[in-house]
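Construct all of the structure, not just a fragment, from the sequences and the given hints.
Residue numbers (my numbering), protein chains in the order written: chain A, 2 to 271; chain B, 743 to 1063.
For the record, the hints were derived by calculation from the structure and aren't laboratory data. Treat the hints with care, since some could be wrong.
What the hints assert, rightly or not - What follows is a set of in silico ranges between Cβ atoms, one per label pair, in the way DEER data are often shown:
1. A:D60 <-> B:F823: 22 to 32 Å
2. B:R1046 <-> A:D244: 51 to 61 Å
3. B:R1048 <-> A:Q145: 23 to 33 Å
Think of the CB as a built atom: it goes at the ideal place given N, C-alpha and C, for glycine as much as any other residue.
The chain contents come next:
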Amino acid sequence: MLSVTNAVKTFGRDTPDEVRALQGVNLDIEPGSFVIVIGTNGSGKSTTLNAVAGTFLLDEGRIVIDGHDITRWPEHKRASLIGRVFQNPFSGTAPNMSIAENLALAARRGQPRGLGWALNASMMDDMRARVSTLNMRLENRLDQLIGSLSGGQRQALTLLMATWQKPKLLLLDEHTAALDPKSADLVVRLSDEIIARDGLTALMVTHSMAQAVTFGDRLIMMHRGQVLHDFKGAEKRRLRVDDLIARFEEVRRSDQLDETAAEMLQRMYV
Amino acid sequence: MLLLVGALTIGLILALLALGVFISFRIFEFPDITADGSITLGAAVAAVMLVAGSDPLVATAAAFGAGAVAGATTGVIHTRFGINKLLSGILVMTALYSINLHIMGRSNVPVLDEATVASSAERAAASLAGGPILPVFGWEVSARDAGLLIVALVAAVVVAVLLYVFLRTNVGTAMQAAGDNAQMIRALGVNVENMIIMGLALSNGLIALSGALLTQYQGFADIQMGIGMVVWGLASIIIGEALVGTRQLGFLITGAVMGSVLFRLLVAIALRGGLDPNDLKLITAAFVFAALVLPGLLRNTAERARRGRGKPAAEAKAVSQ
Chain A
2 MLSVTNAVKT
12 FGRDTPDEVR
22 ALQGVNLDIE
32 PGSFVIVIGT
42 NGSGKSTTLN
52 AVAGTFLLDE
62 GRIVIDGHDI
72 TRWPEHKRAS
82 LIGRVFQNPF
92 SGTAPNMSIA
102 ENLALAARRG
112 QPRGLGWALN
122 ASMMDDMRAR
132 VSTLNMRLEN
142 RLDQLIGSLS
152 GGQRQALTLL
162 MATWQKPKLL
172 LLDEHTAALD
182 PKSADLVVRL
192 SDEIIARDGL
202 TALMVTHSMA
212 QAVTFGDRLI
222 MMHRGQVLHD
232 FKGAEKRRLR
242 VDDLIARFEE
252 VRRSDQLDET
262 AAEMLQRMYV
Chain B
743 MLLLVGALTI
753 GLILALLALG
763 VFISFRIFEF
773 PDITADGSIT
783 LGAAVAAVML
793 VAGSDPLVAT
803 AAAFGAGAVA
813 GATTGVIHTR
823 FGINKLLSGI
833 LVMTALYSIN
843 LHIMGRSNVP
853 VLDEATVASS
863 AERAAASLAG
873 GPILPVFGWE
883 VSARDAGLLI
893 VALVAAVVVA
903 VLLYVFLRTN
913 VGTAMQAAGD
923 NAQMIRALGV
933 NVENMIIMGL
943 ALSNGLIALS
953 GALLTQYQGF
963 ADIQMGIGMV
973 VWGLASIIIG
983 EALVGTRQLG
993 FLITGAVMGS
1003 VLFRLLVAIA
1013 LRGGLDPNDL
1023 KLITAAFVFA
1033 ALVLPGLLRN
1043 TAERARRGRG
1053 KPAAEAKAVS
1063 Q
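Following this line, the structure appears as structure tokens:
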């Protein structure tokens, strides 16, 4: 469904702030697979998601979704294939518009928008039905401005919006990181339910080791702009939090080794 | 009475300006100074076409089109070339000064002797009333003034309703969302840059329309008539928001129209009361400044008073259920 080939991205090239964010990422994701992405800070996990979503264009490499080579597509065009939920619960909804208007905007994701009414009676019924599945008692408050809702409610609605039309690929970028534990739990469970129900292909970046081992059928660990480990099938199911922490520790030690080795070389030769 | 009718008419004509500024300032948070140039552009295009003998409605529609092109230019400069919003507007406004002079050929074009929307309105009102003077509640109002007031009222109401309807359509809600949360609407497949260009075109089209009607009302187009108009529109919106007191779209649009009329009435009364017309723009600017700053200032004072009473004011923007 998604194939990323040798993705390379450097921000601020030839400046003191140069960041080599992606250094040859390769990724092949089967249709219907729910992939968890973890990694240290700056490992390129969010950058990979943003590259797929089209927030920026790659320096090198290729991205293909469902047979479409989207490498040069602008962000808004990719929206016809991709549903997204952001880390910031305020990023995914328009605060000064009503819940119904936000949902109506999402219902036309990737479709041309003409002069038809944004809201109509049959659509409102559909909205009430779908919003009631969130169990947040929002179905009778569809006229309320989204800005008045809590972060958890907004994130749940964003999730509903991203999957309103079944996307070829769902991108969840640490979408529970800014929520309180209870809301985070609720939103991640809801994500899992929707992905399973609609058989979606999904990529979820997370910082929570518990989420990483509980959810998904494949786990990718990134480090320094590359895919370091890739656990699938039975191997993924056997993973425990301790195993992941051990892997992170390994990465940390090898980094330290690199640094001391570099220092040693510096002392000897400079 | 004459004062009242005049103030109402100008207020309603400038309500179109207020609606245009509402689109740029409130929907896109785009401080679009193009308005100062595009209102004159609308006036210039309409005046020159009227002098050349065009149908008044055609001339007025052409003014809308010219304003839309000016607004789209500002949008393109901002979105395609990445130039700061304010500067994009300033560039187009400055360029429009020369363009307007070229269109008019001189700095002032009278249209008093031409067939205009105003003269049509005058004829219609006179034939309805059976004479050039209409008795209204005991006052004598000229057919010209009465006809113009009705034309201005119809124009303001029709434009306000059309704008409301447009903003409730699929493309209209996408436009609102582009101003409210660009990241979100981009992720839903909308080209935000095109929405900004389209929005500014619509905004400046309405502003130019306002200029065209103003020209036909006052009987001339003048190269200086646009100065400070964007602040005038902003003042109308702020008054309108205070009048309606909600964030709902329909109320905000109605408020902008009412705000424009009320503001013009206040100005007429102040001028009647002996205000030096030269001070008008200074006072308008001071008013807008105060209206923008005071709410925040009052909130801070209230906050401090609350904290003074020992209540913790730090309610973190909690991300919770």
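Hints and how they fare:
1. A:D60 <-> B:F823: 22 to 32 Å: Holds - the Cβ-Cβ distance for D60 of chain A and F823 of chain B, about 23 Å, lies within 22 to 32 Å.
2. B:R1046 <-> A:D244: 51 to 61 Å: Taking Cβ atoms as reference, R1046 of chain B and D244 of chain A lie about 53 Å apart, which means the hint holds.
3. B:R1048 <-> A:Q145: 23 to 33 Å: 26 Å, holds
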